[in-house]
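Novice: Protein chains in written order, with this note's numbering: chain A, 1213 to 1309; chain B, 658 to 905.
These are calculated hints, taken from the structure and not from any lab test.
Here a beta-carbon is modelled for each residue, glycine too, at the ideal position from N, C-alpha and C.
One or more hints might be untrue.
Listed next, the stretches of chain A that the computed footprint assigns to chain B, with coverage defined by at least 3 CB atoms under 8 angstroms from CB atoms of chain B [stated by the list, open to error]:
1) 1232-1241
2) 1252-1261
3) 1266-1276
4) 1294-1305
No farther apart than 27 angstroms at their CA atoms in a straight line, the calculated lysine-lysine pairs in the BS3-like style are these [what the hints assert, rightly or not]:
5) A:Lys1297 - B:Lys796
6) B:Lys832 - A:Lys1273
7) A:Lys1252 - A:Lys1297
8) B:Lys832 - A:Lys1286
9) B:Lys796 - A:Lys1273
10) A:Lys1227 - B:Lys895
11) B:Lys816 - A:Lys1268
12) A:Lys1291 - B:Lys895
13) B:Lys895 - A:Lys1296
14) B:Lys832 - B:Lys893
15) B:Lys796 - A:Lys1291
16) B:Lys893 - A:Lys1297
17) A:Lys1252 - B:Lys895
18) B:Lys816 - A:Lys1273
19) A:Lys1296 - A:Lys1308
20) B:Lys893 - A:Lys1296
Quick list of the computed label-pair ranges, beta carbon to beta carbon [as the list claims (entries may be wrong)]:
21) A:Glu1247 - B:Lys729: 43 to 53 angstroms
22) A:Lys1307 - B:Ser811: 45 to 55 angstroms
23) B:Asp836 - A:Gly1253: 38 to 48 angstroms
24) B:Leu739 - A:Asp1241: 42 to 52 angstroms
25) A:Gly1230 - B:Asn883: 19 to 29 angstroms
26) A:Lys1252 - B:Lys893: 22 to 32 angstroms
27) B:Glu866 - A:Gly1230: 26 to 36 angstroms
28) B:Arg694 - A:Lys1297: 39 to 49 angstroms
29) B:Glu848 - A:Leu1218: 38 to 48 angstroms
30) B:Gln700 - A:Lys1308: 50 to 60 angstroms
31) A:Lys1297 - B:Gln700: 50 to 60 angstroms
32) A:Glu1224 - B:Lys729: 41 to 51 angstroms
33) A:Lys1297 - B:Gly871: 12 to 22 angstroms
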Amino acid sequence: MGEVPLLKELYEQSKDQGVVVVGISLDEDLKKVHEVLTSKGMSWPQVSDADQALCKLFNVKGTPTYYLLDRDGKIAAKKLPSFKKLRDALDLLLKKS
Amino acid sequence: MAQKSFVRLFGSLLGLVLFLVLTAIAQNSSRPAPNDREMDRVQAMITQAKKEADQFLKSGGKADDANHPNLKWAATLWHYRLEHPGTPATKVATIQALSMLYRSNRVSEMQAKADTLKLDDPAWEQIINVLLFASTTTKDYGYLISKAEALTHSAVDPKIKALARFNIGEAYWRKGDVDQARIAFQTVVAEYPNTSNAEEAEGNLREIELLNVGQPAPEFDRPTLNGDPLSLAGLKGKVVVLKFWATY
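Build out the structure end to end from the sequences listed, making use of the hints.
Specialist: Here's what the structure looks like:
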């Protein structure tokens, strides 16, 4: 949760380069999710994974976990455990494309 | 007269007996069983060790410092193990002693102690995970793999056998030996069906086949919390960051 301000900044900075963020919340309590989204000002799209189906699909076992997909929908980096690793992978990908 | 005092005496005797019985019951129920007492004792040591370790790190101590309280407490808990073989509290003490050594970067000392444990020791249930953490830190998977192989043959508890085989898969995978990892995970699925290890192994096998860099991400399609439709196919042409998260 401490990474939210950084992700927010990255989202604002790279929107114009065609970067989208999708939050996948594992919470069962959707009311709490909505509260956090509002209080932290997280404006990117969010889906609920209360049934853990997406976790299973992506073999995710803990949070936070990031996946990075390129413009063709291919996996560019997987199971990154921190914002820093995501940032590095994204920088690399944007430099290439 | 005599009859009256007899009744009174009998009454007070009955009262006394009743009092003694009730006190005994009360004492018995408030006094925990010996095993629980020992567990409390070990837990108290662990709590104290954690407190001291937190203070030590806060005041600038390093994890592998020779004065780290973990080392003292690992020795204390190990001593407890030697004095009290074969109890549930000893299992906890053993696990904690070894993980404290690992957390203070005393990996070879931890391995030397682990070597003295018999393969049917119930503490392996957790120690096999400590070995995995340690080898991930040192990037040396040899000890873990040989120990885990021995456990898959000689452990008594099938849960420990399954976990050992699973951790062999994890070790090979982290090492970059995908073929050996696949074999180990397939063995877990085949030999220990309907266990959490089998379920995790299946997930890892799927990841090994389908979730590699360069492969198309698995498609999903579900409405957002705001009710808008969202699918990965609809995001083609964009760079997509998926963030799995939770409020807790």
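Novice: Does each hint hold? Answer for all of them.
Specialist: How the hints compare with the structure:
Counting residues of the segment 1232-1241 of chain A whose C-beta sits closer than 8 angstroms to any C-beta of chain B gives 9, which meets the bar of three, so the coverage hint holds. For the segment 1252-1261 of chain A, the stated coverage by chain B holds: 5 residues have a C-beta nearer than 8 angstroms to a C-beta of that chain, and at least 3 were required. Counting residues of the segment 1266-1276 of chain A whose beta carbon lies closer than 8 angstroms to any beta carbon of chain B gives 10, which reaches the threshold of three, so the coverage claim holds. Against chain B, the segment 1294-1305 of chain A contributes 3 residues with a C-beta closer than 8 angstroms to a partner C-beta. That satisfies the three-residue criterion, and the hint holds.
Taking the CA atoms of lysine 1297 of chain A and lysine 796 of chain B, the gap is near 20 angstroms; set against the 27 angstroms cutoff, the hint holds. For the suggested pair lysine 832 of chain B and lysine 1273 of chain A, the alpha carbons sit about 20 angstroms apart, so the restraint of at most 27 angstroms is met. Distance hint between lysine 1252 of chain A and lysine 1297 of chain A is fulfilled; the C-alpha atoms sit about 22 angstroms from each other, no more than 27 angstroms. This hinted pair checks out: lysine 832 of chain B and lysine 1286 of chain A have alpha carbons roughly 24 angstroms apart, not beyond 27 angstroms.
Note on lysine 796 of chain B and lysine 1273 of chain A: the hinted pairing holds, with a Cα-Cα distance of about 22 angstroms set against a maximum of 27 angstroms. In summary, the hint linking lysine 1227 of chain A to lysine 895 of chain B is supported, as the alpha carbons are separated by about 10 angstroms, within the 27 angstroms threshold. The hinted pair formed by lysine 816 of chain B and lysine 1268 of chain A meets the criterion: a straight-line CA distance of about 23 angstroms does not exceed 27 angstroms. For the given pair, lysine 1291 of chain A sits about 19 angstroms from lysine 895 of chain B by alpha-carbon distance, which is consistent with the 27 angstroms threshold.
Annotation: proposed proximity of lysine 895 of chain B to lysine 1296 of chain A holds, straight-line Cα distance about 21 angstroms (limit 27 angstroms). For the proposed pair lysine 832 of chain B and lysine 893 of chain B, the alpha carbon gap of about 34 angstroms is over 27 angstroms, so the pair is violated. Distance check on the hinted pair: lysine 796 of chain B and lysine 1291 of chain A sit about 19 angstroms apart at the alpha-carbon level, within 27 angstroms; holds. Annotation: proposed proximity of lysine 893 of chain B to lysine 1297 of chain A holds, straight-line Cα distance about 23 angstroms (limit 27 angstroms).
Taking the CA atoms of lysine 1252 of chain A and lysine 895 of chain B, the gap is about 25 angstroms. The hint holds against a cut of 27 angstroms. Distance restraint check for lysine 816 of chain B and lysine 1273 of chain A: the Cα-Cα separation of roughly 20 angstroms lies within the 27 angstroms cut-off, and the hinted pair is therefore satisfied. With a CA separation close to 19 angstroms, the supplied pair lysine 1296 of chain A and lysine 1308 of chain A stays within the 27 angstroms bound. Distance hint between lysine 893 of chain B and lysine 1296 of chain A is fulfilled; the C-alpha atoms sit about 25 angstroms from each other, no more than 27 angstroms.
For the pair glutamate 1247 of chain A and lysine 729 of chain B, the beta carbons lie near 44 angstroms from each other, so the given range of 43 to 53 angstroms is met. A beta carbon spacing of about 52 angstroms between lysine 1307 of chain A and serine 811 of chain B agrees with the range 45 to 55 angstroms that was offered as a hint. Here the CB-CB span from aspartate 836 of chain B to glycine 1253 of chain A is close to 47 angstroms, well matched to the stated 38 to 48 angstroms. Taking 42 to 52 angstroms as the suggested C-beta distance range, the pair leucine 739 of chain B and aspartate 1241 of chain A conforms, at roughly 47 angstroms.
In this structure the hint that glycine 1230 of chain A and asparagine 883 of chain B lie 19 to 29 angstroms apart at CB holds, the actual value being about 21 angstroms. For the hinted restraint 22 to 32 angstroms between lysine 1252 of chain A and lysine 893 of chain B, the CB-CB distance of approximately 29 angstroms keeps it satisfied. Separation of glutamate 866 of chain B from glycine 1230 of chain A is about 29 angstroms and conforms to the stated range, judged on CB atoms against 26 to 36 angstroms. The given range of 39 to 49 angstroms is respected by arginine 694 of chain B and lysine 1297 of chain A, whose C-beta atoms sit roughly 47 angstroms from each other.
Under the hint 38 to 48 angstroms, the C-beta atoms of glutamate 848 of chain B and leucine 1218 of chain A, about 44 angstroms apart, fit the expected range. A beta carbon spacing of about 53 angstroms between glutamine 700 of chain B and lysine 1308 of chain A agrees with the range 50 to 60 angstroms that was offered as a hint. In this structure, lysine 1297 of chain A and glutamine 700 of chain B break the distance hint of 50 to 60 angstroms, their C-beta atoms being roughly 36 angstroms apart. Checked against the hint of 41 to 51 angstroms, the pair glutamate 1224 of chain A and lysine 729 of chain B passes, with Cβ atoms roughly 50 angstroms apart.
Judged by the Cβ atoms, the range 12 to 22 angstroms given for lysine 1297 of chain A and glycine 871 of chain B holds: they are separated by roughly 18 angstroms.
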